[in-house]
Amino acid sequence: MPFVRTTLVAIAIAAFGLFSPALAQDLRIGLSAEPTAMDPHYHNLTPNNSLLSHVFERLIENDEKQNLIPGLAESWKAINDTTWEFKLRKGVKWHDGSPFTADDVVFTFARAGNVPNSPSPFIVAKGKTVTKIDDHTVHMSTAAVYPLMPNDVATIMIVSKKNADGASTPDFNSGKAAIGTGAFKLVKFTPGDRIEVTRNDDYWGAKPKWKTVTFRPIKAGPARVAALLAGDVDMIEDTPTADIERLKTEPKVELSQEVSNRIIYFFVDHSRDVTPFAKGKDGAEIKNPLKDLRVRKAMSKALNRDVMVSRVMEGVAIPASQFLPDHYFGVSKKLKVEKYDLEGAKKLLSEAGFPNGFKLTLHGPNGRYINDVKIAEATAQMLTRAGIETAIEMLPPGNFFTRASQGGPGGVPEFSFILVGWGSGTGENSGALRPLVATFDKDKGQGASNRGRYSNPKVDQLIDEAMKTVDDGKRAELLGQATDVAIEDLAIIPSHYQVNTWAARKGLKYKARSDENTLAMGVTE
Amino acid sequence: MTIADDIVAPETPEAGAIAVETPLRRFLSEFFENRLATLALVTLAIIVVLAVIAPWIVPQNPYDLAQVDVLDSRLPPGEKNAVTGYTYWLGTDGAGRDLLSAMLYGVRISLAVGVLSGLIAMAIGASVGLLAAYAGGRVEGFIMRVVDLQLSFPAILLALMLIAILGKGIDKIIIALVTVQWAYYARTVRANALVESRKEYVEAARCLGLSHARIMARHIMPNCLPPLIVVATVQTAHAIALEATLSFLGVGLPQTEPSLGLLISNGFEYMLSGKYWISFFPGIVLLVTIMTINLVGDQLRDTLNPRLKR
Amino acid sequence: MTAFIIRRLMQSVLVVVVMSLIVFCGVHLVGDPVYLLINPQADQKDIEAAIRALGLDRPIWEQYLYFVGGALRGDLGNSFIFGEPALKVIVQRMPATLELAFAAIAMAIVLGIPLGLYAGLYPTSPVSRGIMATSILGFSLPTFWVGLMLIMVFAVMLGWLPSTGRGQTATFLGITTSLFTLDGLKHMLLPALNLALLKISLVIRLTRAGAREAIHQDYIKFARAKGLSNRRVIGVHLLKNILIPVVTVLGLEFGNLVAFSVVTETIFAWPGMGRLLIGSIQSLDRPVIVAYLIIIVLMFVVINLLVDILYSILDPRVRLGEQSA
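Chains A, B and C, in that order, give the protein sequences.
Using numbering that gives the first Met the number 0, the first residue of the first sequence is number 0, and each one after it goes up by one.
Using numbering that gives the first Met the number 0, the first residue of the second sequence is number 0, and each one after it goes up by one.
Using numbering that gives the first Met the number 0, the first residue of the third sequence is number 0, and each one after it goes up by one.
These aren't lab readings, by the way, just hints derived from the structure by calculation.
It is possible that some hints are incorrect.
Said to hold, decoys possible - No more than 25 angstroms apart at the CA atoms, straight line, and that leaves these computed lysine-lysine pairs for PhoX-like:
| no. | chain 1 | residue 1 | chain 2 | residue 2 |
| --- | --- | --- | --- | --- |
| 1 | C | Lys87 | A | Lys443 |
| 2 | C | Lys44 | A | Lys125 |
| 3 | A | Lys247 | A | Lys92 |
| 4 | A | Lys467 | C | Lys44 |
Unchecked claim - Which residues of chain B face chain A? A partial, calculated answer using Cβ under 8 angstroms:
| no. | residue |
| --- | --- |
| 5 | Asp68 |
| 6 | Val69 |
| 7 | Phe267 |
| 8 | Trp276 |
Claimed, not checked - A few chain C residues that face chain A, going by a derived Cβ cut-off under 8 angstroms, partial list only:
| no. | residue |
| --- | --- |
| 9 | Asn38 |
| 10 | Asp42 |
| 11 | Asp56 |
| 12 | Pro58 |
| 13 | Ile59 |
| 14 | Glu61 |
| 15 | Gln62 |
| 16 | Leu64 |
| 17 | Val67 |
| 18 | Gly68 |
For glycine and all other residues, C-beta sits at the position ideal for the given N, C-alpha and C.
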């Protein structure tokens, strides 16, 4: 088809001739997920929180390794067991020029947990009494001792009372109410397409280098990489592991990496006597083998974490020994990564009464975590070699999480053996222990994501004690002990910690973050 | 929705016009006049045979997790397994499957899905179409309304919604594909049967007092076959492509037993990192399979449609 | 005529009712979006509160009646994810999809008709055989695979065109579209070509078939006998007769293009309603799924109605209201 070809070439040449590179002060970032709204209290999930950090600020911020650092509060301290005092930064102005005061903080904490239609409200704002002492001092108190106050406060973005009072989420989306104190001002939110922000020249802190920043959601990994290689964006987040090896050798691209707070792990059914997806080799019903620690130990030994990291994750992960990587607050100091030991695994299975193994189905979400399907396939291969004949079934995340949480008879978790991930948003270990391995208890608000229904009074007691201890050193110790008990009992079987990779065009550097946030403030030339 | 639209010609070849040759022989000689179509038919036959005998000729069962080793993942074509020394002629995929074996199994699934859904849809569609043509009146009106409604709704959306609701699995994707296809058959059969049922031989059969069922099955149906065959080839190609697309969108078949579409989709993420083979080879096989079916269908149509005779 | 239109509308209402029922119950059975949307740190009470806030704690029939009540007032409910009216969420993304579909149709006409005409007029020439083989290739190429190939070649390897996304938009005569800016057109070229591929093949084949049949018709023979130039016979008499079915089919195909854009938009990160639908299916955003389907059905009804009415005007033999064959 010569005609087609000439036309195409002609059009392409015309386009090429008029190609203009972006200005040096503009930054274009490719995002892997789209923020759902410009209302900082509408949807408590990473894509929203990350993007809105450009426009809004918190009293306490997380640094790139999730250590707490002063934000709109210059300092904070516990003045008694239940009350914390925050000293607010002076001279901070909202984007509309009005001053930031304690009234805004009081207003924010009243609003954050009560946004209508919110699918994931900031419930942490609730249960805290916020009192204005003077224009630049607030007190926050709780009914009981609550050591996690600073961590909670570090999740809530402060909005301006003047602009946000009575404003709905669409008012934020249109930009009308999206008035923050942050380093950037919101210019335009075009759903599905892009979010544009511009530098706040009156910013109180270090002024960012970029005059304008454009964020574009490009969900498909290969398309994101293609956009970077084609020069359509300057930086991308969540670089697919498949491309990292090649991008390392690519002269026009620079990578930055950081271990994330997200662990990929397995839950087994700890509670039912007969579990639906574990069967004898002949397909007959058997008693739940997963309640036997020796079986869990065998599974953990059969898992070759080094291969998982080097082959499945292509080197972009770290073998896991507990809930959070070593440098986090409240982790165990003594736990080591379980060594791969196929013979040991087989021996343990025999001791547990399964010399010929058994059949098991691994369920997991499809497309929720980095390489989740491949992780499941590799796990099934490894367990099958040890004698546990493992089938896998990967489900669409919406279906998976509903069933894994309440799909069984009577609203219990449906599956026997699941692949899941967990990112500790609070940046310390109680953020994993309380939801994952504390006994499922609706009234206490614990064990909400304990989809294996693990229950160990010793673990519960240590967690309870830690949650009453304000002293950081002692609390870290208690959380570490709870972790030791839970992991030695294999409440969860850890696989690996994810490593987040950002890729940018040559010359750009990104201060990689453990909380998966992509912040233009962290991009330097 | 695709080529099917311009093929429904409710006229059958005038039987007995040429006395010397049987219609079949004439048909075959005309079909093989086109060398491209002949080549396509041969290629398609080879693909089908390979797919059928795949379990007996592949070096590795790609669905048996005990045979697949993640240590061998993403090996380029020609690499060997460290232990057995077996050569991966077309390389391995992201889970360590031998790509050659996975592709042969993949063609098997793709063809099975396409052909099975086609056959079931044809059986349903033809019966319904025949019933509409023969019964007439309200029955016909009702059936054809349903057919029209179905045809006016995009196949991909209907299949997408069905699969999203039903979940993954070969049985489910076949249900979805049957649902989107049957109306094409119904429309074709009805149009042809209407023409046939007005012909004298049907009158004659009625006069002889033959039962309705017998007239429909033994007299009208055989005369509707030629256009039906054309629709069937086109629809099979369409079904295979649709399954691949659904798998690509992440709602098709389970990951552990990949069809060609899923193999391509899985290889998608490796395209930019230079590991072309994971997506490229299955892509070529899918393309060749669909294209040969289309070429054969095209020639069938030209041969069966008397209006296009040169 | 009026009775015919009314009957058509009643039928589409029936389709909408049946479909919304199926989707409602289907998505309900698949799962609860709250487990996906909520922050993982949330405890059981928070989850229940969120489920209540979205009205998902009610029995399914009650939810459906509530939806029907709203729909009768023109309110299709709020998106679970975006918190805004589902209709607004879709309409916001509609121009991007429509401009892509229009561009694809234009490409199909511009490329398909000349090629098809040539193949129809000279059926035995090697070029014609080439064209026809290519058109079969066009039918056979899986759209998603071609999309990535286009990005690989034109954006990454050659660097001529942007890889993904929509370009700058401009407003002219009250229409905001990226068709009016150069940046917009550059972004449009690859996805539009990807979407047009099937339609180009379709137009080639329709045009060729039309030409091959028409060439033996009496009016062409007459025109030739009258001594008209070949150019005039083909350019005026032949083309005019071929164009009617081609344009009709393309008109009917427009809805299919919009539907099929789910694939192209996913690959090219095109901010249209197709990509929204895929996202909504993944996150079980039921109000958006239902609203999208309703919009598509209405679009089809309107297109089909227009085509039928136009036909009845153009061709006096067609009478509306009769059973179509």
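How the hints compare with the structure:
About 40 angstroms separates the Cα atoms of lysine 87 (chain C) and lysine 443 (chain A), which puts this hinted pair outside 25 angstroms; it is violated. Using a Cα cut-off of 25 angstroms, the hinted pair lysine 44 (chain C) and lysine 125 (chain A) holds, with the two alpha carbons roughly 13 angstroms apart. The suggested pairing of lysine 247 (chain A) with lysine 92 (chain A) is violated, with an alpha-carbon distance near 42 angstroms, which exceeds 25 angstroms. At roughly 21 angstroms between alpha-carbon atoms, lysine 467 (chain A) and lysine 44 (chain C) fall within 25 angstroms of each other, so this suggested pair holds.
Below 8 angstroms, beta-carbon pairs count as interface contacts, and aspartate 68 (chain B) has one with chain A at about 7 angstroms; its hint therefore holds. Annotation: valine 69 (chain B) was flagged as interfacial toward chain A, and the flag holds, the nearest CB pair being 4 angstroms apart, inside 8 angstroms. A cut of 8 angstroms between beta carbons decides the hint on phenylalanine 267 (chain B): the least distance to chain A is about 6 angstroms, and the hint holds. Checking tryptophan 276 (chain B) against chain A: minimum C-beta separation of about 13 angstroms lies over 8 angstroms; hint violated.
Restraint check, asparagine 38 (chain C) versus chain A: the minimum CB separation of about 4 angstroms is within 8 angstroms; hint holds. Checking aspartate 42 (chain C) against chain A by beta carbon gives a least distance of about 4 angstroms; that is within 8 angstroms, so the hint holds. About 13 angstroms separates the beta-carbon of aspartate 56 (chain C) from the nearest beta-carbon of chain A, more than 8 angstroms, and the hint is not met. With 8 angstroms as the threshold, the beta carbon of proline 58 (chain C) stays out of range of chain A, its nearest partner Cβ sitting at about 16 angstroms, so the hint is violated.
Among the interface hints, the one on isoleucine 59 (chain C) is violated; its C-beta lies about 14 angstroms from the nearest C-beta in chain A, farther than the 8 angstroms criterion. A least Cβ separation of about 19 angstroms between glutamate 61 (chain C) and chain A goes past the 8 angstroms threshold, and the interface hint is therefore violated. The beta carbon of glutamine 62 (chain C) is not positioned within 8 angstroms of any beta carbon in chain A (closest approach about 15 angstroms), and the interface hint is therefore violated. Because the closest C-beta pair between leucine 64 (chain C) and chain A is about 20 angstroms apart, greater than 8 angstroms, the hint is violated.
The interface hint given for valine 67 (chain C) is violated, since its Cβ lies 20 angstroms from the closest Cβ of chain A, which is over the 8 angstroms cut-off. Contact between glycine 68 (chain C) and chain A, as hinted, is not supported at the beta carbon level, the nearest pair being about 18 angstroms apart and thus beyond 8 angstroms.
In this structure, the earlier hints numbered 1, 3, 8, 11, 12, 13, 14, 15, 16, 17 and 18 are contradicted, and the remaining ones agree with it.
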